Amino acid sequence: MKDKLTAKNYIAGYIFSLSLTLAAFLLVWRYVDSDRQLLSEGFLLAWIAALAIVQLFTQLVFFLHLGRESKPRWNLIVLTFAATIVIVLVFGSLWIMANLNYRGGHGTSPEQTETYIIEDEGFQLHQ
Amino acid sequence: MTEQQIGDSRQQAVESKTVFGFWVYLMTDAVLFASLFATFAVLRNNTFGGVSGQEIFSLPFVLAETLILLTSSFSVGLAWLAARQGNRQMVLVWLSITFLLGAAFLTLEIREFIHLYQEGNSWRRSAFLTSFFTLVGTHGAHVTAGLVWMSTLLIRIYRGGLFKSSLKKITMLSLFWHFLDVVWIFIFTIVYLMGIIR
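So the protein lines, in turn, are chains A and B. Under our numbering, residues 1 to 127 are what the first sequence spells out, in order. Under our numbering, residues 1 to 198 are what the second sequence spells out, in order.
For the record, the hints were derived by calculation from the structure and aren't laboratory data. Keep in mind the model is a prediction, meaning the values are calculated, not measured. Honestly, I wouldn't trust all of these hints.
Derived, one-sided and incomplete: chain B residues facing chain A with beta-carbon distance under 7 Å [as the list claims (entries may be wrong)]:
id : residue
1  : 30
2  : 41
3  : 45
4  : 46
5  : 59
6  : 77
All residues carry an ideal CB built from backbone N, CA and C; glycine is no exception.
Working from the sequences, and respecting the hints, build out all of it.
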């Protein structure tokens with residue numbers, strides 16, 4: 001056989017995944033426990049997101065055996081394509097909806113929104 | 001057949017076109033989940049005066065769910081290894097363990113849903129809850145489908161035996177199950193952990 005996959009791969013993957021999950025859990029647990037004083041919210045969010053992404057790659061390598069297939073690596077090619085779509089879909093939606101919210105979400109009338117945006121972006125009105 | 005040939009034919013079963021086709025399906029499923037994640041991310045603060053994630057999520061409960069699903073992902077991997085070695089007994093053992101863990105996960109999730117519903121926090125309450133139930137419920141539906149699939153495989157292998165076609169099926173099932181675990185990692189992080197942070 002070409003590849004020598006054994007239970008060791010799975011045990012290693014399991015231990016890595018467990019540690020990453022527990023690390024993310026403990027961070028949030030300690031954060032809530034310290035009345036949200038442990039570290040800044042943005043920093044914590046970044047850490048949690050980073051741990052999830054490392055976990056994604058851990059599982060892709062150890063459980064889904066990415067990189068072990070024979071060439072050409074069709075699995076990897078399809079995965080890359082899907083990942084591109086996923087990123088465009090998720091971040092594109094967030095971007096568009098945040099922008100829409102910004103341009104229509106202030107006060108109850110279009111005039112109020114206009115006033116808000118003029119102030120927010122620091123436009124000078126020339127009479 | 002020599003040992004080498006048996007090994008080659010097993011390798012072929014694992015890398016067959018059917019398995020590749022299944023992989024492509026999983027990737028399209030990832031796009032489906034991405035659209036639900038995007039919907040959730042956009043609507044997560046639209047609670048319409050109702051509860052927010054901070055009020056309804058429990059960290060220890062969701063950690064338990066995560067550990068159960070992670071362990072089942074590990075055990076399905078061991079079932080696949082046993083299938084590759086042609087060890088029918090161990091395939092049955094590991095698949096059964098995976099099935100029980102999957103069922104335990106699903107029970108916890110359904111309990112959470114029923115609890116939320118009874119407290120008046122159903123999917124009709126706010127956009128946040130609608131997107132929450134849709135995202136987590138779709139994952140739960142996948143787990144349910146996986147359990148049904150797993151039980152038919154278990155019965156087939158128990159009654160009939162472990163064939164080359166069984167190896168192909170176990171390969172696809174294990175891919176499916178690992179995939180669901182990966183999706184759950186993001187539900188755990190984005191829905192629950194980030195929901196508790198703010």
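Status of the hints after comparison with the structure:
Interface restraint check for residue 30/B: the shortest CB-CB distance to chain A comes to about 5 Å, inside 7 Å, so the restraint holds. Here the hint on residue 41/B is kept, as its CB sits about 6 Å from the closest CB of chain A, short of 7 Å. The beta carbon of residue 45/B comes no nearer than 10 Å to any beta carbon in chain A, farther than 7 Å, and the hint placing it at the interface is violated. This hint is violated: residue 46/B has a C-beta 10 Å from the nearest C-beta of chain A, more than the 7 Å allowed.
Hint status for residue 59/B relative to chain A: holds, with the closest Cβ pair at about 6 Å, below 7 Å. The criterion of a C-beta within 7 Å of any C-beta in chain A is met by residue 77/B, whose closest approach is roughly 4 Å, and the hint holds.
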